[in-house]
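*Asks:* Given these sequences and hints, build the entire structure.
Chains as they are written, first to last, in UniProt numbering: chain A, 1 to 647; chain B, 1 to 687.
Check before you lean on any hint, since a few could be wrong.
Heads up, incomplete: computed chain A residues facing chain B, CB under 7 Å, no partners named [claimed, not checked]:
id	residue
1	Asn-378
2	Ala-381
3	Asp-382
4	Met-407
No more than 20 Å apart at the CA atoms, straight line, and that leaves these computed lysine to any residue pairs for SDA-like [unchecked claim]:
id	chain 1	residue 1	chain 2	residue 2
5	A	Lys-515	B	Ile-384
6	A	Lys-62	A	Arg-557
7	A	Lys-134	A	Arg-115
8	B	Lys-97	A	Pro-386
9	A	Lys-421	B	Lys-97
10	B	Lys-584	B	Gly-496
11	B	Lys-337	A	Asp-624
12	A	Lys-421	B	His-96
13	A	Lys-515	B	Ile-383
14	B	Lys-209	B	Lys-245
Hints were generated in silico from the structure; no laboratory data involved.
Glycine included, each C-beta is placed from N, C-alpha and C at the ideal position.
The residues making up each chain are set out below.
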Amino acid sequence: MLPEWLLPALVITALGLFAIGALRRILLWRAGRPEPVSLIAGLMAMPRRYLVDLHHVVARDKVMSNTHVATAGGFVLSMLLIIPVHVFGLDSRWLTIPLLAATVIMFTGAVFVYRRRRNPPARLSKGPWMRLPKSLLTFSVSFFLLTLLASDLLPENFGHWVLTGVLLIGVTLGLAELLFGMGWGGPMKHAFAGALHLAFHRRPERFGGGRSTGLKPVDLDGMLGVAKPSDFKWNQLLGFDACVQCGRCEAVCPAFAAGQPLNPKKLIQDMVVGLAGGSDAHYAGSPYPGRDVGQAQGNPHQPIVDGLVSAETLWSCTTCRACVEECPMMIEHVDAIVDMRRHLTLERGETPNKGAEVLDNLIATDNPGGYEPNSRMNWAADLALPLMADKQEAEVLFWVSDGCFDMRSQRILRAFVKILKAANVDFAVLGNEECDSGDVARRLGDDATFQTLARHNIATLSKYRFTRIVTTDPHAFHVLKNEYGDFGGHYDVMHHSTFINELVEQGRINLDRFKGGTVTYHDPCYLGRYNGEYESPRALLAALGIQVSEMERSGYRSRCCGGGGGAPITDIPGEHRIADMRVDDARKVEAETIAVACQQCTAMLEGVVEPRPEIRDLAELVADGLVVDATPASTATAGPSLAEEVH
Amino acid sequence: MSQFEALFRPLQINQLTIRNRVVSTAHAEVYATDGGMTTDRYVKYYEEKAKGGCGLCICGGSSVVSIDSPQSWWSSVNLSTDRIIPHFQNLADAVHKHGGKIMIQITHMGRRSRWDGENWPNLLSPSGIREPVHRATCKTIEEEEIWRVIGDFAQAARRAKEGGLDGVELSAVHQHLIDQFWSPRVNRRTDEWGGTFENRMRFGMEVLKAVRQEVGRDFAVGLRICGDEFHPDGLNHDDMKQIAKYYNDTGLLDFFGVVGSGCDTHNTLANVIPNMSFPPEPFLHLAAGIKEVVDVPVIHAQNIKDPNQAERILQEGYVDFVGMTRAHIADPHLIAKIKMNQVDQIRQCVGANYCIDRQYQGLDVLCIQNAATSREHLGLPHIIEKTEGPVRKVLVIGGGPGGMEAARVAAERGHNVTLVEKAGELGGQITLAARAPQRDQIAGITRWYALELDRLGVDLRFNTAADASVVRDFQPDICILATGGIPFMEQNPEWGHDDGLVVSSWDILSGQVEPGKNVLVYDTICEFSGMSAADYLASKGAQVELVTDDIKPGVGIGGTTFPTYYRSLYEHEVIMSSDLILEKVYAEGDKKIAVLENEYTGSREERVVDQVVIENGTRPNEELYYALKSESINKGQIDVEALYACQAQPVLKEADSGMILWRLGDCVSQRNTHAAIYDALRLCKDL
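*Replies:* The following block contains the structure:
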């Protein structure tokens, strides 16, 4: 027989090594900038966040979810029992039988991990991750048999020391992967970092069914953006370390699919390289399209851009949040990207392509196109829109947004005005007092311009009384609703799809049935993923008698049109255009019309070469379907009559 | 997409916000009925422009303020009676409903009219000098009449205001009474209404003051003037600037409209509405010159047809508003199409001047290519909705104007349309017409159809001659023949066409026959084709004599177009001979002898030439029609009552068991482009 102390020693050594590794890892994270968190509350909340919130995401893949429950649950339970049984030698059936059961559960899960790894999808990283199922199997089998042998469940001397020896080797290997590796950067690091990431997440509002998508306010007197890994908040670094390289982000990233040099998984892994120091030579997943692996090098104090990642990678992002939505570890890719963009824009003045021009325009003219600021109302010269400056008070403040400068968007705006008038809504606009919401400036990293615009708009809005703000622009909607609060602007903001749907539900407008062919609906990122509004647009389409032919990627999985985050402005080349791919999605369901709810989406999708489905905003579809009461008696009181228009 | 920023920048005129910089400037419509009232047709015509997005319509070119300024012979608007007010209310409501603004031009035409009708007035003028374009003799206006007419102006303006119109434009252009007083060419008075600058200005000034007094400061009042009369004894550009500034400085005016060129002679008239022989915006510099000296917005129209051109003019600040009047006659949805990013779908005016040439004959203004214009009240659509009935298989034979319009309309209705054309391209006779000098732009009609038929997915089969078996094999539900005609060369066998002694104008224009050196063109039609053939030959270096048996060459061509032909023909020393009938042609050696007989004396004369070209119209290509007629369920007949009422052909409602056959255009009888397009539209709009 082998010495009895050997097994406990092994476990203790492994635990000790894990502890040293973990401490070292924690120190790596702490190189990041401070961010106050609640240690106790975070740790207390962690199990629930793991079991409920995280599994809500993981459970989108049922098989993988169950696999993880079995493997991770089995492992955690095993470890908890291994310590009393094998370290302290407590010999009780109350412990050994549960330990046996735990290893069996873990084994079962590990079998599924193994099976998945036999023919893994492209999005999964290979390398050490290919070893993991074997380690899991080894660990569970070894501890099962060792426990069985050490227990009184078998006849005396059933075991043989050779067998025990082999099993101890197995145990060693298993412990090495699962404990040593957890602390020292192996695949199992995710369990440790992931758990703490959940505990100290930068957006705790996300847990418990909440939503947190607005960018965090930036102190313009402090450090502007992230130049090197240590410029990230410490818990952002922690978040990077939680990555399991499952590649779900990669699978949904529109820029990656378009062959632009962005892969969210690789980006996070490069951040991990940066926080720990080294190179990406060991990265075993898909590269940034068109870029070789092995070039990235960095450490916590070395500039990220052109060391770890290229600027093009950062500017390829559309900020669509598909990666964040899919990430089972709830990592915040978009925050990190915008943080790094902020450095490039504000510290280095390196916003690429049209970016600098757009920012200059925003500074000089309050709109990205550089149009005369006093021409905001040109689109409505013949509509006699009530101005807030004249009315002072209105039920609805119609936030027009920069669509006012774009002829295509003007059709959406005019359609919405037609609806407002048909429903006799008490509304007014800011007219030339309105400024760009700051969305684009902020996504391009220019928080200074964003804050100038935001404060200006907040000051303007504070002059007037209104119940709510309604806008046809999901980007303005998001910023007004979620990002102005940090600067003192708190409003009830509504997207026009929600608002029009309310009008329909209240019977304030009547709609005819849509007379057209197949319709699909494209969820705008800033309405859907950013703000969770998936239902109103669909309800509205249903009210028009439209049965939506859903695209495979719809709702929270909607594929971006390519127009967010200033991506059309920074315009990083790829192999395809994102908008083309999106229209292909619609073609697959044989849609003749793509209903949209965003003027940016409209512009992007209409930019796709014909023949393609027609692109119509919800407001346009509704305006076309309005049943206007033609009884002569009502015309006297109906206010300004509705212009029939061909445009 | 281009944003047309300057075009869509609103601008104030007095209290009005004009939503964009595009104006349908005043033109005589010849639609006012019931004694000069703006009735249904008139209202619908302007409503369509407003619906299409036009910023400002100034209607009623030369609408009269006085009972002795006749309006009936060209159905102009009559503001001399309060009876007009409710009609204006209908008009204003229709335009305002769509966000547009509408003003009216008011005037007393003085000597520039006809006296032989209606009230048989003595025409008024400052000095009783005859006006040649209308052959109008006139009396010298007396002081009492001057003050009466000034009062009439004020009352007319009041009626416009009470009718809800947005403003009035006083006409001091085209040699109406106000500018008759201005121009020393026709104002020879020695009293306080003539002579010095101030005296010549007095009548217009008193009109302006009286109008302003009547309507108040907030009602828009503008003045339309010319930029240069282009007469040595008339007002030149500097004079016009002086006049514009003089009136501007009163502060009583809200805008100026500027037209280059006076128009009291046939030749200057042709400048005013520049046809396709003119370059784009030929007189913009004159309007820009006026803009230099005035403080209020300046409107300028004249050959501005293209949105990019308009944007450029506005962007560079030459004027404040562009008039796109014929452009709106061709396509009242011009603005909407710009906004819809459908610039390629705009039916662009080609400057054929069918509209204005009809007007000068006292006929209603129509568009050569858009048969729906001014027929909105009959239910002819500018936007053709898809049918909710059965989708039919439509075969159109012939790609001339009638065939192209039939194919377009049927395709817009959602039918499966195939167009078979014997030539290698669309256009038919338009293609020939476009080969003449100064006439190339008429091909714009075809270009638009080509784009539209492509957009609509019409199956075009070129270089395909259709015979009865082709049609039978195709098994269409509806077969529309638009096979056109062929030159009618056999009318007089003595011309020797069969012996090759003469060629047709088509032979020449198509380039199939080389121009001779010494050529006689014999033109019995006296419209575009003969003039074009002569002009073409002359431009190729031929010595040409253009002979007609009619009263003068080109007599069938309207007032704005024959002058530009004449300019070219005289410049090329083409000899024009009238009243001579071509009796016979015979050969003598390599020469042709043309025997001409004077219609009135019977005397004969001969010409020795090396080529005789005949323009004698066309005979219909009707073989295919007669080959198919008996097989069709309607025996080829069109129900003319339904057609003229713009209603669906009854045969469409019958149980379909076989082919419906229709023919239209010159394959029935020779008419013109508009006739073919009109028939195609009204026949196919209810398919």
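*Asks:* Given the hinted pair Lys-515 (chain A) and Ile-383 (chain B), is their alpha-carbon gap at most 20 Å?
*Replies:* 17 Å, holds
*Asks:* Between Lys-515 (chain A) and Ile-384 (chain B), does the CA-CA distance stay at or below 20 Å?
*Replies:* 16 Å, holds
*Asks:* Given the hint that Lys-134 (chain A) pairs with Arg-115 (chain A), does the C-alpha gap stay at or below 20 Å?
*Replies:* Measuring from Cα to Cα gives roughly 11 Å; hence the hint holds.
*Asks:* Does Ala-381 (chain A) meet its interface restraint, that is, does its C-beta lie within less than 7 Å of any C-beta in chain B?
*Replies:* Hint holds; Ala-381 (chain A) Cβ to chain B Cβ min 4 Å, cut 7 Å.
*Asks:* Below or equal to 20 Å on CA atoms is what counts here, so check Lys-62 (chain A) against Arg-557 (chain A).
*Replies:* 16 Å, holds
*Asks:* Does Lys-97 (chain B) sit within 20 Å of Lys-421 (chain A), going by the straight-line distance between their CA atoms?
*Replies:* At roughly 14 Å apart (the allowed maximum being 20 Å), Lys-97 (chain B) and Lys-421 (chain A) satisfy the hint.
*Asks:* Has the given pair, Lys-337 (chain B) with Asp-624 (chain A), been kept, meaning a C-alpha gap of at most 20 Å?
*Replies:* The given pair, whose Cα atoms are some 18 Å apart, holds under the 20 Å limit.
*Asks:* Need the status of pair Lys-209 (chain B), Lys-245 (chain B): alpha-carbon distance at most 20 Å?
*Replies:* Holds: Lys-209 (chain B) and Lys-245 (chain B) sit about 16 Å apart, inside 20 Å.
*Asks:* Given the hint that Lys-421 (chain A) pairs with His-96 (chain B), does the C-alpha gap stay at or below 20 Å?
*Replies:* Answer holds: Lys-421 (chain A) to His-96 (chain B) is near 16 Å, not above 20 Å.
*Asks:* Taking the least C-beta to C-beta distance, is Asp-382 (chain A) closer than 7 Å to chain B?
*Replies:* Since the shortest Cβ distance to chain B is 3 Å, the answer is holds.
*Asks:* Verify the interface restraint on Asn-378 (chain A): the C-beta must sit less than 7 Å from at least one C-beta of chain B.
*Replies:* This hint holds: Asn-378 (chain A) lies near chain B, its Cβ roughly 6 Å from the closest one there, short of 7 Å.
*Asks:* Take the C-alpha atoms of Lys-97 (chain B) and Pro-386 (chain A), compute the straight-line distance between them, and say whether it is at most 20 Å.
*Replies:* Since the Cα atoms of Lys-97 (chain B) and Pro-386 (chain A) sit roughly 17 Å apart, the hinted pair holds (cutoff 20 Å).
Consistency note: the structure conflicts with none of the earlier hints.
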